[in-house]
Structure formats: C-alpha cells, structure tokens
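Chain order of the listed sequences is P, V, D, F and W.
Position 454 (the first sequence) corresponds to 454 in the working numbering; numbering is contiguous.
Position 59 (the second sequence) corresponds to 59 in the working numbering; numbering is contiguous.
Position 167 (the third sequence) corresponds to 167 in the working numbering; numbering is contiguous.
Position 130 (the fourth sequence) corresponds to 130 in the working numbering; numbering is contiguous.
Position 50 (the fifth sequence) corresponds to 50 in the working numbering; numbering is contiguous.
Among the clues, some could well be false.
[Claimed, not checked] These stretches of chain V come out as covered by chain F in the derived footprint (C-beta under 8 Å, 3 or more residues): (1) 9-18; (2) 25-33; (3) 43-54; (4) 62-68; (5) 71-85.
These are calculated hints, taken from the structure and not from any lab test.
Ideal Cβ positions, reconstructed from N, Cα and C, are used throughout, including at glycine.
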Amino acid sequence: MITNAILILLLPLFAFVVQIFIGKRLPRQGDWLPTGAIICSFLLALPIFFDALSNYEAGHVVVQQSWEWLRFGNLEITFGIYVDNLTSIMLIVVTLISSLVHIYSIGYMQGDERYSRYFAYLCLFSFAMLGLVLVDNFFGIYCFWELVGLGSYLLIGFWFEKKSASDASKKAFITNRVGDVGMFAGIMIIFSTLGVFGFTDVFTKIADGGLSGTMLTVTGILIFFGAIGKSAQFPLHVWLPDAMEGPTPVSALIHAATMVAAGVYMVGRTFVIYTEDALLFIAIIGTITAFMAATIAIVQKDIKRVLAYSTISQLGYMMVGLGTGGYTAGLFHLTTHAFFKALLFLGSGSVIHAVHSQDMDDMGGLRKKMPITFWTFLIGTLALSGVPPFSGFWSKDAILASALEFGMNHSAYMWIFVAMLLSAGITAFYMFRLIFMTFTGQAKDQKKFDHAHESPFTMTLPLVVLAVLSVGTIWWGWIEHLLAKPELATYATVAVGAVEHSAEHGNAHLAHTIALFSSIAVAGSGILLAAVVYHWKKISAEAWGSKLKPVYNLLWNKYYFDEMYEATVIRATLWKSRIFAAFDVKIIDGFVNGIATVTSKFASLQGAIDRVGVDGMVNGVARVVGVFSNRLRTIQTGKIQTYILMALFAVLILFVLQQF
Amino acid sequence: MLAVGLNHYLILSAILFCLGLFSVVTKKNAVTVLMGVELILNAANINFIAFAKYVDNDLDGQMIALFVIVTAAAAAAVALAIVLNIYQRLKSINLDEADSLAG
Amino acid sequence: MILPILNSEITFLQFLPFDLPEPLISIIFLLIGASIIAVVASVLALVGVYLERKISAHMQDRLGPMEVGPHGIAQTFADAIKLLIKEDIVPQDADKLLHFIAPVMVFAATLAAFAVLPFSKTLVVSDLNIGLLYIIAISSFVVIGAILAGWASNNKWSLLGGMRSAAQIVSFEIPASLAVLSVIMIVGSMNLGDIVEYQKGGFFNWIIFKYFPFNFIAFIIYFIASLAEVNRAPFDLPEAESELIAGFHTEYSGMKWAMFFLAEYANMFLVGVVASTLFLGGWSSPFGDFLNSGPFPVFWIFIKSFSLIFVQIWIRWTLPRVRVDQLMYVSWKVLTPFAFVAILGVGIWMVL
Amino acid sequence: MNITLFDTIFYLLAFLTLGSAAIMVFSKNVIYSAVGLLFTFFGVAGIYVLLAADFVAVVQVLVYVGGILILLLFGVMLSNKITNIEITTETLHFLPASLVVIGIFVVLYRVFITTDWNPVGSYNFDPTTHEIGTLLMTDYLIPFEIASILLLGALIGAAYIARKD
Amino acid sequence: MLSNFGSILFFLIFGAVFVCVNILLSRLLQTRNPYPVKLSVYECGELPEGNSWIQFNIRFYVIALIFLIFEVEIVFLFPWAVVFKDLGMFAFVEMLIFVGILLVGLAYVWAKGDLEWDKPEQVPSPELYRTDNVNSAVKITESVAS
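Same shape as in the complex, but just chain P (with noise of 0.2 Å):
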C-alpha cells in the first residue's frame, strides 16, 4: 500500500517536472503526460481506497509510514504519508476530478499558445493538493498548503496578459496569504508548546492535556483562519468570484472540488483539537458565509460567478455541519459537492466555449443546441439544490439535521438552522434561475445562438461522469461509516474525563426527520418561484429588482466588500506608507544630507591641515636627513685606512671606557 501511496504523490510530481521543461517538444505538446500521470494516480488510489472499505472501523489506518525529512540540532522534523478512511476518499475525489478535468481542458485549451505549460500548472496543482491530503504533519499540511495557494495563484493568472487575470491571481494569492498568517501562528503555538508536528503525536499530546483550555481554542480558531483564507470564508471570500479569471476547467478543479474543499479537509483532518468555542466560531463563520454568497448569487449576471458564490455558500454549509458536530455530514457534503460543482463548472465550461461569452444576458434556449451539456448540468443543478434522489440532498440534509440538533441542544443558537434553511432555498432558486437564463427560453443574441454547438467528445464525456456521480444513491450506505466521528478521547492514552456531549444523543433522531421534510419543501419552493419568476415570466425580475432597490444594489455590489477592504486596509496600509515615504524623505535623508554637508566642510578643513601640517612636517624631516646625511657622507672617503683608524678609535675609547 505504501508504495502506491508515494507513487500516487510522485507521478504527478514526475509528470510536471518533465511537463515544465520538454512540454513543448513532446508530441500533442505532452499533454497525454499529464492526463496519463493522474489517472494511473487515480488508478493507484481505488486499492487504497477498497482496503479502507473493505475493514472501516474508526481509526483505521491504512498507511503510516514517515521519514526523516530535516534535522535542526535535536528538533527533527519528519515527513510521512498517513492514509486513513478520510484520506482515502479525498484521494479518490481529488484524482477522479482531477483526471475528468485534464481530460476536459484537454478540448477546452484546444490552440491556446501556453497549451504545454497549462497541463504542467494542473500537475503541480494535483500533485500539491495530493501531498496535502496524504501527509501527516502540520508543517508538511502547510508547506503543501503554500504549494496549492501557489498552483492556483498560477492556474488563475494563467491568461497573465489580461490584466485582469493577473490582478485576480495576485488578490487570490494575497488573501490566501493573510489565512494563511492565522494558519501559521496556529502550528506555531502548537509546535512551542507541544514541540512536534506530527498529527498522531499532537493528538495524544493535547489529550494527555499538553494543549488546553482557552489556549486550545485559540490554536483552532488560529488554524481555522487558515481554511477561512483557503475554502473563501466570510472576511476573506473575496479573491474566489474574481478567481473566475482563469480558464473554466481550472476553476472546476481548484474552486470547485480540491483547493476550496483543502480547507474543510484540513478541519476535517485536525477536527479533535478543536474546542466547543472553537467549533462554535466555525459555524457561525460557516452560517454567515452560506447566507451572505446565497444572496449575493442571486443577482449575478455571470455565469461562473453565480457557480463562484454558490460554491462559497456550500462551503459555509460545510464549516456549518463540521462546527455543529455533524463532522460525518460536512464532509459527506464536501465529497457530494466536489463532483456536482465540478460538474457545473465544466458544463459552463463547455457552454461558454461554445457562446464565447461568460454573460447570461447572452445566452438562452441552448436546450436545443447542447442536449448533452443541458442534461448534465440539469442534474448538477439538482444535485446542489437539494433535490431527493441526488446526492446534494442526502448531505446537505445531513448537515441542516446536525444544525438543527445543535440548535435544539443550544437554543440560543436556533437562528443557524433558520440561516441555513433559507440559503437552501435561496440556493435552488439562484441555481434554476441560471437554468431558465441560459437554456431554456428564446435565444437572446441570434447570431451567438446559430453558432452555438455541442462541445466535443473530451469534453461532454466528464460531464457524463459527473452526473452519473452526482446521484445521490450510488453513496448510500457506506459513506457514514467511513466518515465516522473521530474522538479525541481514543487519542488519549491517560483518560481523561467522560466526553459530555453524550447527553444530546437523544434528540437527534428528531432533529433528523425535521430537517429531511423542512429541506424538501425549502427546496420545492425555491425551484417554483425562480421557474415563476423566469420561465413563466410571471413576475418581471426587473421589477422586483427595482422596487428592492437598496437590497438589489447591496447584493450586486457584494456588499461592498470589495470597496469596504479597498478603504480599510487598502487604503490605511497606502496612507501608512505615503507617511512613511514622507518621514523618509524629510528626516532620514535631511539627516543624511545634513551629515554630508558637515563632512564634506570637515573634510576640506582636515585637508588644509594635512597639506600645511603634515606634509610640512614630513617634507622637513627629509630636508633635515638629507643635511645630515650629506655631512656624514663626508666621512665615508673610500679610504680603508680611514676606517680602520674610526674603528681604533672606538676600541681605545671602549678601552678607556673599561679601565675606569
């Protein structure tokens, strides 16, 4: 098993590193390199996966293994793959999607100029959120949490030369930095109090009660900040609606399935350290998040960014399911949602390849044109409203089944599931009202609709994958127990005092039966109104729109987040450093100057001296060795005899000298 693990790690590494440097020279550009690496990954991930299947209790290890990576003096930092139950099925999920989205831009990049180096970024992009899922530590999560934040910072900026690609890679890169901060502090503190990095390690550390208290709330929060950055949370969602930039088979893969969902994955993964409070901060995060995109997706004219927001508010359905405690239902919902998303993504791929336009205003009636997109993408609509046979349902009921246990057991928290219930809605009508806008309906721009036709082969085949996928009852079963609830006490090798939260257990079979039929008819509504309000045109969408003026022109700015960070941080950080400039100028160069000016008067000064004093001096001495000398020459006549009477002078003198 091991070694399946490190090839599935390493394939795409080998495919990318080959990619980047002779990409341009292989055959068809190399890009059969890349697609084939990932699938035979995908390929090596099944065993990995029906071994997990095949002997599912909790805690089950598939593989550990874990080598010495650096050696400062005695800290020792190891790098290991950990396999277990979670990990199995994020390597399934990301491969999968990973090798339909290669396969997809395979026909979607067709004769871009850049073709080669596309498919080396999507390897380094894989092989990044595969190292992330397989590795088990927290410095080794976070190096391969940089690796990702840079795959997509290039993947987003792929189109550099649009200036708006490259501003959108930099926000993204930048936003996922300031997460990530949070994220570091994080480890660090752990790392200083408990001194490893290991998860298994810090696990049993914390619950031997190295880590406690309000302490350890604060590492989660800390940690958690770095999947607020990464999965697009509330304060810092902004960089994934302009992420829609990049080319479409890379927003299906990195902000649909794998980079977004890093962040649940590294909650999911570290779920034990995090405190009630801790959890409690997740969720609220994760509720607010959901409702605010929900909302904002309504009045999207884009068509990626509708998906964009939808896939924020998603995620906050999944933070919300993690911090109420329905660990098992947030992360069914994060596999769930990874291929509908996907699917959607790549079927607005596949349309807008076919309009060349990203605006609904643009499309309309292609039902007729791409059969096989609007089928597809059909499904994935239902799929993420939450309709019953389709996946989306089981997991987001899940999740409003724990919101709403939660709320029971905290009736303060109640407004959660109220929150959550309305995005659901919210959500659906957003979804149909695409469907209406761009496939069903009379075709608004002729000449756009005549040239509209079904996307090729490589790329309507995923989409067929996808949907089959997406249906809800090919993951009944056995999904819950390979999501079981991890606990820390089965971490703890000292007992530690009875976990309390055993006492809820009673009304969550209540809560569930709630959820189910409040989600369906949620559902239902959504779907009703948005068919009344676009494909009946019954009630006109402008008007509404211009009666709820303020409330429309709040959603479609975003609620000026955009602006609200341009004046706050922007702003304040440009005003800090046009002060800074400023005090530079004026003080440090006035003082530079100001020394210069003294010196250079010094230095004339000194000169002056040197040339009267010293040179004086030194010229002196000469001239007066120079008299000397030429006296003492006088004594030295070439003659011997001379000499030697000098020398007998000086011996009678030593003589005398001597005798006295």
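Start from chain P and add chains V, D, F and W according to the hints.
Same frame as chain P, but now just chains V, D, F and W:
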C-alpha cells in the same frame, strides 16, 4: 734593570702591536700594510708564548702560536694575490687611489 | 756542549792574571770556536774553488791552474788576495746600504749553518735538537740575500737574475725538505748527532740502504735539490753567462763578489756534509767500529763530503744547462711527487 | 750561561726587534721596510728562543723569513713600476693615527701592569719538538686537519686570483 | 739548549762581522777611481737603454705562493716525522689525510698550469736548417719571418 719577567715580554709585544697598527693605519702602500698586519700577528704570538711559558707552563700557547703562524701565512698569500690583482687593474697599489667605494 | 778542543784551552786561560766575569769566559770560548769554524769554512771554500778548477780542467783534458803553487794549489789564495785589492764598484744611484747588506746576509747565513754540522761525536759547535730544520730555515736567508742583491744593483738584468735564482732556490727547497723528512721519520729526531748515531753500525746501516728503494730515492732527490739550492751545475741558470750575465751579483766586484763566491762554495760544502750525515752515516766509518775512534770520524766526514763535492763538480762540467721551465718542471713535477712517494713508502714500511 | 747574560740577550733582541720594526714603520722606502721586517722576524724568533719555544722559533724563521717575506718582496717587486729605486710611501693623516696608537699602547700598558698574572716563572729549557709532535697528533688533531683545508683553500684561492687572465 | 742557540746567534753575528771586516779591509786596500762609465749599469757592454723598469709576469708570485703553502705543510710534517715512530698507524693515517688534501691543491695548481714557466718561442724544427740547397734556406727565412 730587573730580571726579565712576564711584563717585559708583554710590553715588548704591546710596542710591536702598536707599531704594526700604526703601519697598517698610516701606510699608503698596500704591501706595507700587509707587513704591518704580520707585525701585529707576531706581537700576538709573543704574548701567546710568553703566557704559555710564564703562566701555564705548558705547550698549548706554543701550539696556538704555531697555528697562528700557519694562518698568517695563508692570509698573507691570499692578501698579496688580491693586492697584485688591484695592481693589475688600477696600475698602482696606493690605497688612496683604491677608493672607488667612497660614499 | 762546548767544543772539546775548547776544553783543552781552558787550562790555557787558567793562568790569566785577572778573574774574568763568568759570561765573558763563555763569550771568549764562543769567539774562538766561531773563528776556527769561519777559518775552516773559508779554507774549505777556497779548496772547493781549487778543486773545481782542477777537476773541471782534467775532465776537459787540460791542466787547470799550475803556475802559482805546486799544481796551482795557491791559486785560490792568490785570487782571494787579488779580490781584496780589487776596486769595489757600486753602480750609480744603487742602494748603497742594501748593496753592502746582501753579501753579509748570504755569507752569515751559510756560516751559521756550519754551526750545527757534526764533524765528530763531540766536534760540533751547537748540538741543536732541531738542527736539520734550522739548516733549512737558515738557507732561506740566502734567498733573501739574493733578491736584495739583485734589487740593490739597480740593474734590471741582475734584478731579474736575483728573482729567478730566488724562485729556483725556493722551488727546490720543498723537495729537499721532503727528502729530509723520510730520514727524520726513520731516526725519530732532528738532531744530526742522533741521526749519525742511528747509522753507526757500518756500511749497511746507513740510512741510504734502509727500506731500500725509498731512501735511495730520497738521497737522489735531496742531492739534486741541493744542487739547485746552491745554483750549481745544471741549474746554474741565474749566473748563466749566456743569459743573465752573472745573475744577481753582476754589479758586485771585489770583496763583496768574493763573499758571494765564497758563500756559494761554502754552501756546496755544507750541502755535501749534510747529505753525508743524513744518508751516508756522517762521521761513522763504513767498516763498523773499526776505524771509528780518535781523529777518524772527522776524516770520514771529509771523505764522504769531498766525494759528494766531486760528484757535484763532475755533474757541473758534464750536463748542459737546464732551461727555466724545465727547471721548474723538474722541481715541482718530478722531485716533489717522488719525494712524497718516498715518504709514503717509508711510512707504510715502518707502520707495517 | 748565567741569568744576567740571559737578560742582556733579551734586551739585545728586544732592541733589535723594536729597532727594525721602527725602521719598517717609519722608512719611506718599501724595500727598507721589508729588510726591517726581516730583522724584526729574526728578533722575534730570538725572543721565542728565550721563551723556551725552540721549535716555534725555527718555524717562525722558516715560515716568516723563508716564506712570507719572500712573498712580500716578490709582491713589492711585481707591483711597483721600479722607475726609481726610491719607492716612497707617504703616510696618511699621520697625527690622528699616532694619537690613537699611543692611546691604545697606554691602555695596554696599564692593563699589563695592573693585572696580576701570577706568573709561575720557571726557566726550564727542554726541547719541545717531540712534545709538540705528540700534541699535534692527539689534542690538536682537528685544527691540524682544518689547517690543511685552510691551506688548500688559500692555495686555490690565491692561485686563482693571481692568475694572469 | 739555550747555549746552543746562543752559539748560533753568536755565529750569525760573527759571520756578519767577518764579512764586514773583509769588505772594510778591501775598502782600505783597493784602488778607487770611479768615473761615470765604470759606474754605469753593466749591460753586456752596450749602453744601458731604458730604465730598469721591467714588468714581471705573475709567474714568480705564484711560485712563491705555492712554495709558501708547501713550506707550511712541511712545517707540520716535521714534528709528525719526529713523533712518527711512537704513534704508529693512527698518526700515519691522519698525515695521509693532511698530505692528501694538500696534494689535491698541488694537483689543482698543476692542472691549471701555474707550474709551467713561460716556454720561449718554439724554434723552427732543426731539419729546416739543412742548408744543402739555397732555396731551402730562403724557405726557412720566409717560414721564420711569417
């Protein structure tokens, strides 16, 4: 005159030494200078042998005198060779003229 | 060791009226001894001259001096008297003092050498412990005298002659000394008396026959070297009439010239005696103790030395004169090496 | 020979040596100084005899008179254009030199007079050659061999320097 | 030992006195009428031309030098010879070394040709002197002249 004691010989050798020294210092002719040197060496020999006889009363002094004579012979030989060479070059062995090393 | 003859005279002084202070007595004895030796030396020199002229004449089938006395015996005395009367010319702006000192030094040195020669067991003026070395040392005075004579007479030919004779004597002194060395090695002492004592036992005990080949070579080398030292025979280059007129004593005339001439023959005799004492057993008789007592030792020493002189004269009038470079060749490249060989031979023979 | 004769001879020889040394130093003519040197060497040899060093005396005569003086005379002959017999040698800064020399003499005199040499003062005169021989071969072997090397060096050096070319 | 030297000293003095007496005696007896020609330097009868300046070649000095060095060697040899009988092999070997080193010097001087005296010009070989025919004589003079 008192009986001939050690001092007589020492005084005699001192006088000889000074005469030799004088000749070395004042004489212009190189050969005379060499003669002066020989005189000085003889004076030294007298002292050696006088002390050998009067103080040590053994033959060491005489042995040293013997070796001094031998060395003096060798020295005189080489010195004179040099003087002759000077003569060949400067056509005169007047030490005044051989002052090319003057400062 | 005072001369035995002198001892006999002591009685003669006994009855002198006043008591002489002790030192004066010894001085008087020395005076008498010295005068006797001086007279003997000069007489021998004259005899030498006479012999030379008679023998050389007979060799050349002529009679030689006959008029003056029976067979010209008185001839040399006549010459001596003539020289007394002859004018003593000193060339103009010659160095008068040096002109006078040169002959004095030459003759004095030769005479001083006679003091050491042992004519019989007791008949020796001063039985020096380092007699042999003294003889060699004194002979260097002669060289100095020759140079000064050459220099004083302000005549470039005589100067050249003086320098050349000095060079000759000097270069032949080395082989002579080396030859003498082997004798000293055998006897173990430099005292001539001891040397003769060592050779006492008859003809075969003479050093010339000891360690056979080497000492004979040494004798030959010494004889040749002494010939050159005396400026005689084949090596009489400086006086060679054909080249340098009369050598360093060209400018001399009268008594000074006589002194040189006398010194030369005295030297010849000196060499004869020394050669015979060293190699031919000095005053010991060739037949063991037979004729060894009484006046015989003196007789033997004279016989031997006169025979050597005869050989010298014989060589002089037979061999042609040697060229200068040949002269040097003989001394440095023939005699000196052979002398070393002789010493080595004797040394090894004695050590083994 | 009694002591008084001994002293007379000493004074005689001393007078001879110093007189001839004076001649050598103060004579104008180089040849005269050479002759002066000759008699000085002879006088010194005599003094050696008085000091019971008979072998050294004869060696002195042999080496100095028979070797070095001849060399010097040859040197004089070869190095002077004997234009005129009189080879005058003026002297150089006569006065200062004489002062220094006299000064040194006075100092030496003081040293010799004041220090007490505790002389043994024995008058045995026995021949020294044999003893010198043994000493030479035993105690003074090294200097003996080194002397030979010194002589070799001197010979080769002087010959090389004096060679005509 | 002192008396021996005393006698030698005396002999030297006596020799000098003897010579002086003779010379003075002859001075008294000799006739004396010096005139310039007689006093002039004797030049085999010819008039002495040029001053007596002669430039010696260095040969004399080298000979005296070599003599001096060997003289000193002999001075060392004498005591050795006197003592040779008693010392035996050891002394002999030492002396061999001493003499050997100086022989090296002799060899050097010999090899360098300092011992040769300047040979006079090579006279044309005797057979050239056969004067049986006139032209050969002429030939000889030309060869000599060349």
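Status of the hints after comparison with the structure:
As drawn, the stretch 9-18 of chain V meets chain F at 9 residues by the rule of a beta-carbon pair under 8 Å; at three or more, the given contact holds. Look at the stretch 25-33 of chain V against chain F: 8 of its residues bring a Cβ nearer than 8 Å to a Cβ of that chain, three or more, so the hint holds. Counting residues of the stretch 43-54 of chain V whose beta carbon lies closer than 8 Å to any beta carbon of chain F gives 8, which reaches the threshold of three, so the coverage claim holds. Counting residues of the stretch 62-68 of chain V whose C-beta lies closer than 8 Å to any C-beta of chain F gives 5; at least three are required, and the coverage claim holds.
Coverage of the stretch 71-85 of chain V by chain F holds [criterion: at least 3 residues with CB-CB distance below 8 Å; count 14].
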